[in-house]
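Visitor: Below are the chains, spelled out letter by letter.
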Amino acid sequence: MAEQHSPLEQFQIRRLVPIEIGGVDASFTNSAVFMVIAVALVTLLMTYSMRGRAMVPGRLQSIAELGYEFIANMLQENVGSAGRKYFPFVFTLFMFILFSNLLGMIPYSFTPTSHIVVTFAMAFVVFVGVTVIGFARHGLHFLGYFVPKDVPWPLLFLLVPIEVLSYFIRPVSLSLRLFANMMAGHTMLKVFAGFVVALGVLGGWAPLAFVVALTGLEIGIAFLQAYVFTILTCLYLNDAVHLHH
Amino acid sequence: MGDPNSPPSLGDFDKRLRAARKAAEPPEAPVTRQRELGLAYRVAIEMVVGLAVGAGIGWVLDGWLGTRPFLMVAMLFMGFAAGMMNAYRTSRRIADEAEARDRKMRDGDAGRDG
Numbered sequence: 001m002a003e004q005h006s007p008l009e010q011f012q013i014r015r016l017v018p019i020e021i022g023g024v025d026a027s028f029t030n031s032a033v034f035m036v037i038a039v040a041l042v043t044l045l046m047t048y049s050m051r052g053r054a055m056v057p058g059r060l061q062s063i064a065e066l067g068y069e070f071i072a073n074m075l076q077e078n079v080g081s082a083g084r085k086y087f088p089f090v091f092t093l094f095m096f097i098l099f100s101n102l103l104g105m106i107p108y109s110f111t112p113t114s115h116i117v118v119t120f121a122m123a124f125v126v127f128v129g130v131t132v133i134g135f136a137r138h139g140l141h142f143l144g145y146f147v148p149k150d151v152p153w154p155l156l157f158l159l160v161p162i163e164v165l166s167y168f169i170r171p172v173s174l175s176l177r178l179f180a181n182m183m184a185g186h187t188m189l190k191v192f193a194g195f196v197v198a199l200g201v202l203g204g205w206a207p208l209a210f211v212v213a214l215t216g217l218e219i220g221i222a223f224l225q226a227y228v229f230t231i232l233t234c235l236y237l238n239d240a241v242h243l244h245h
Numbered sequence: 246m247g248d249p250n251s252p253p254s255l256g257d258f259d260k261r262l263r264a265a266r267k268a269a270e271p272p273e274a275p276v277t278r279q280r281e282l283g284l285a286y287r288v289a290i291e292m293v294v295g296l297a298v299g300a301g302i303g304w305v306l307d308g309w310l311g312t313r314p315f316l317m318v319a320m321l322f323m324g325f326a327a328g329m330m331n332a333y334r335t336s337r338r339i340a341d342e343a344e345a346r347d348r349k350m351r352d353g354d355a356g357r358d359g
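Chains as they are written, first to last, in my numbering: chain A, 1 to 245; chain B, 246 to 359.
Simulated from the structure, these hints should not be mistaken for laboratory data. Be aware that one or more of the hints could be misleading.
To be verified - Here are the simulated distance ranges between beta carbons:
1) B/268 x A/164: 48 to 58 Å
2) B/348 x A/149: 22 to 32 Å
3) A/201 x B/352: 48 to 58 Å
4) B/351 x A/203: 43 to 53 Å
5) B/286 x A/158: 26 to 36 Å
6) B/286 x A/206: 25 to 35 Å
7) B/349 x A/227: 15 to 25 Å
8) B/311 x A/224: 41 to 51 Å
9) A/66 x B/257: 21 to 31 Å
10) A/158 x B/311: 19 to 29 Å
11) B/288 x A/204: 14 to 24 Å
What the hints assert, rightly or not - One-sided excerpt, in silico: chain B residues whose CB lies under 7 Å from chain A:
12) 295
13) 319
14) 323
15) 327
Quantities reported herein were computed from a predicted structural model and do not represent experimental measurements. Don't be surprised by glycine CBs; every beta carbon is placed ideally from N, CA and C.
Use the sequences and the hints to build the structure in full.
Guide: Shown next, in the form of structure tokens:
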């Protein structure tokens with residue numbers, strides 16, 4: 001498969017079906033393939049497992065119900081009942097990130113979430129969506145969100161810009177966290193896997209053991225980062241819905 | 246009660262199920278190093294990103310207004326402050342969550358005793 005063994009080779013984007021729309025390169029890439037697979041798997045899991053609608057769930061139905069309850073509880077705890085409306089979006093976000101992360105754990109696969117374009121696009125949608133929700137629910141009062149309470153007025157000239165800036169930082173930190181975790185983890189895996197080959201039969205066992213441990217850790221991180229992305233989305237949603245920090 | 250054929254009441258079953266669940270549960274999920282590391286990372290990234298975003302916005306504004314380097318320097322500091330504030334909020338939230346977990350655990354213990 002690979003003549004050159006760069007640990008970064010796994011992140012390379014390949015055009016599978018070159019498409020160009022109005023000068024914009026909209027090719028169907030290997031990244032797109034894995035995103036489609038992730039969406040298809042989530043859809044399959046959700047529809048196939050729930051087709052029985054059994055009172056006592058089987059294994060697959062349990063997975064679907066577990067996921068549903070997990071996100072429903074998260075929304076309820078962090079946003080309250082006003083967050084119910086946004087459940088489909090948050091649930092989709094969580095499942096998509098989770099499946100993208102987990103798909104990346106399969107050897108020779110591609111991890112869409114290891115590219116900042118993908119994570120930033122999601123974070124940007126969250127950012128714009130939350131801002132629109134804030135303005136739609138509170139009108140211009142939403143701007144009051146940027147004015148800290150109980151502060152002497154001369155300080156406001158300094159604090160309001162800082163608040164605004166910290167609001168604009170959110171999509172960047174949100175996307176960077178997921179992207180950096182996925183990229184660093186996958187690079188590390190490949191680097192240590194490279195050591196196994198380099199050290200040969202005699203010395204390769206130590207890095208091999210490390211790679212095994214790292215793989216377990218990476219699966220944990222796949223879940224954790226999907227969770228972190230989703231819970232931060234919930235917290236931002238809460239800020240927009242309830243207007244407090 | 247005495248009739249062995251009659252099913253046990255649901256309330257009783259619920260009670261027993263809850264007791265069994267509690268017994269099977271580990272005392273408290275130990276806060277692993279990995280988790281702590283993740284939390285530290287979450288806070289650190291806010292600060293770094295704040296600095297970078299501040300500098301970036303300043304740089305773009307400088308290009309527009311022709312005031313190179315001043316706005317970038319000013320925005321660098323603003324970005325640092327904003328990043329600090331985000332980091333502070335994140336850590337406060339983490340502390341709140343930990344406190345809530347502690348309280349829940351204590352309540353759980355009290356419930357088991359009572």
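Visitor: Failing hints, ascending?
Guide: 11, 13
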